[in-house]
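Protein chains in written order, with the numbering used here: chain A, 1 to 221; chain B, 222 to 849.
Heads up, some of the hints might be wrong.
Coverage of chain B stretches by chain A, computed from C-beta distances (three or more under 8 Å per stretch; other residues unrestricted) [unchecked claim]: (1) 405-411; (2) 529-541.
Taking lysine to any residue pairs in the SDA-like style, the calculated list, with each CA pair at most 25 Å apart, reads [stated by the list, open to error]: (3) K142(A) / L543(B); (4) K487(B) / P815(B); (5) K301(B) / L59(A); (6) K306(B) / P17(A); (7) K301(B) / N28(A).
These aren't lab readings, by the way, just hints derived from the structure by calculation.
A virtual CB, placed ideally from N, CA and C, is assigned to each residue, including glycine.
So you can see what is in the structure, the chains are spelled out below.
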Amino acid sequence: MGAVTTPSHHDSHAHGPEISWEVQLKSNRLGLWLFMFSEVFLFAALLVARFVLWYDADLGIVRPELSQELGLVTTVILLFSSFFMNRAEMAMEYGDRKRFLNGLLVTAVLGTLFFIGVVVMEWNILGLQGELFGIELFGHLKPADGVISGIFFAMTGMHALHVLTGLIFIMVVWNNGRNGHYSPEKHWGVEACAIYWHYVDVVWVFYYPALYLIGTAVHAM
Amino acid sequence: MKLKIWLTSAYVRGLVGQLVGTLLGIGFIEAIRGAMGLEPTGATFNLFGAIIAEPSFVFGAIVGVIGFLLAAGVFTDWLKWMVGKETPLHHGAPAGKPEWSRYLNVDVNHKVIGIQYGYTSILVLLVGGLFAILFRIELAQPGMQWLTNDQYNTLFSAHGIVMIASILLGVGAMSNYLVPLMIGASDMAFPRMNAFSYWVGVPSVVLILAGMAVGGWDTGWVGYAPLSLRAPLGVQLFLLGFWLNGFSSIASAINIIVTTVTMRAKGMSWFRMPIFVWAAVAASLIQFTATQTVGVALMMSIAERAIGLNFFSPVGGGNPILYQHLFWFYSHPVVYVFVLPGLGVISELLPVFTRKPLFGYKWIALSSLGIALVGFLVWAHHMFTSGMADALRVPFMISTMFVAVPTGVKFFSWVATMWEGKMSFETPMLFVLGAISVFLIGGISGPILGTIPTDLHLHDSYWVVGHFHATMFGGFVFPFFAALYYWYPKMTGRMYKESLGKLHFWLMTPGFWVMSFGQMSVGILGMRRRIADYDPLLGIERTHVLITLAALVIGWSVLIMVYNFISSARTQEVAARNPWRSRSPEWQIPSPAPEFNYDVPFEVVGDPYDYGLADAAYIQMTPAVSGD
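Extracted from the complex, chain A is given alone in its bound form (with noise of 0.2 Å):
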């Protein structure tokens, strides 16, 4: 390879013409939209198959039993979150630091509790059995249910890991708050988490009555 070079005509350190804040950050949104908007295939792709395959000859579209209280608790925290989500942005664009990171917070508790009840309590990993008020509070779909859950792992263990990854990033926004990054002018890290935040929602009204309410409660294929 030594021969098949760009040499470069500057010193190698230099710096290249400076893009400017307002380019970038154009990139950088238009990059973050064009992002959503592949994810968007990705949602949607298993949404569809859902449709093809949560489908009986006799009984038409199809859902599984699951909890309508915790879908429905789940999803109104969820949305709730988005609400302080935009609290913490609206928070920044007027300088007020204390309420951005403590509306980030909010946001990442609401996240985890949602996050809590998808993955421990409606996916039960850890095996565990409660009522309360005599609402069962814990899922009974296992992984081998043919495709029931097949698609109900799917699409929350999708979703789920978006919440995740969203959730790393409202914990690695708000550190970086803390200790003094992002200005009302600048803090275009602070709009990208709040973007995906709020795309990862909106997946979930998508998803929440394709997955609770949809079709016909069935107990297996």
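Based on the hints, put chain B in the right spot on chain A.
Positioned in the frame of chain A, the structure of chain B alone reads:
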């Protein structure tokens, strides 16, 4: 010193990291499984006497790729950002190392990354070509001579996916190297993500090749369920490698689109961009969306094998046709990802070598978008024989025929561009003409497959093999080689050996014609695809010998190209600044291009392809604004 630089290069560090990561990942899951008292499941793997369960193996492979990227240094800047450290982009060779070591390490310059894509693509192309020649020799005679059925299956499956990896790398090479240069940008919009796009492709190719060592697989490159659910362990690494390549595709495509939108030079409106940029953007539009659906199909297959979730196996209520729909929703459009940049190269080079304006610039530009759009509406034509819903068949047949419209626009434009032109026949032009002839074979053999009644007979035959190879060679391989020869002086500053280039062309093109027509003819006479053996009574032995010989000729001719490029980089004369008398901006600056491309920004003042028109400038170098 040289050896030390090789041994500490990102490739070697990455491979060590991949090995360590794989072992750690396997150990982690095995420890959990041991603690839970689980028996090994799935296709097990014997690692120094320890029986490794398939889930551990899959997790290990994923951690291994992360290990590669961490050890190579792809994530370093991003990890620093996470803890709030600013990291200025590092330009130039790693501290204290020679300039050439940039190509062995993580570098953020788009030209370095483009060349990294390029040589990796050629290397992977040689590997995939070697596989083809191995099983092609087996096919020269009926009966089994020197391969077992399993080896044959693994080799043809690996040939398919390895070549697709090579093509994706080649597309990355052209787009990354050329787009910023052509639009007057100093680099891509996201240089670090650009490096990630390249480097994540390396461990995924390693995974696919490693899959051949752990049992291989017999599913072809399509990996249809439920066969993939029963195949040996190798199929897991194939699925994982394929899936991880998707990260590369998506990140790189987003980068190309953003760069084109936000970083064009002053005055470069959309319809004044060099035509290749249109092709690269159209291909990226497919790549960053459709790739997700094949990712879902592959993840589902991986999960169905590894953790027993049911999607495709009819045993638990799954639907194998669903896999095919998800798979082809990507894999049909992706052939346009392969050919659009290639067709862009043809449109880019023809005006230069005919000294005439490109005929119908806007039509060509929009036909690229048209192909990308129609490409999303035709996927089920791969499934006419799969038992999909009858009602879908005719609409998909009609939409498939529509592909011919934007493709035809390109052909007519090329013919009209050449019409009465002052053609000269240097190697790049020869390959452009070869590409047009070969792509025409591929194009004409297509409608017969898109038509349901004929497809039902030809679908499982070598006709498909002939058609597909003609579209891939005409749409990608020939134009890619044309691009390599054409921009070789730009990349290296030296001229390749014209005599060897011509020899390459005159071996490869007739070789390809023989191979392609041979494949189609044995297909009509009853040769089935993906089968290692055939009935001698079919009377196709002689044609098979010819196809094998043609494949060998093509293989040797590619080696001549590789030799030409390696030796010319050292010994050939320094190329003129603009050896092709091109109007394109990248030829108005020194070769190899400076680190940041244009020391002086340029302004677009005219149309790009006004060859032969007096006083029709395309760009104007604006003098630097002095001080403020």
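Going through the hints against the structure:
With 4 residues having a Cβ less than 8 Å from any Cβ of chain A, the stretch 405-411 of chain B passes the three-residue criterion, so the hint holds. Restraint check on the stretch 529-541 of chain B versus chain A: 8 residues with Cβ-Cβ distances below 8 Å, three needed, restraint holds. The straight-line distance between the Cα atoms of K142(A) and L543(B) is roughly 22 Å, inside the 25 Å bound, and the hint therefore holds. As the CA atoms of K487(B) and P815(B) are separated by approximately 20 Å, the hinted pair is consistent with the 25 Å bound.
With a C-alpha separation of about 54 Å, the suggested pairing of K301(B) with L59(A) is violated against the 25 Å cut-off. Proposed proximity of K306(B) and P17(A) is supported: the alpha carbons are some 22 Å apart, at most 25 Å. A hinted pair counts as satisfied when its Cα atoms are at most 25 Å apart, and K301(B) with N28(A) qualifies at roughly 18 Å.
The structure fails to meet hint 5 from the earlier list, while all remaining hints are met.
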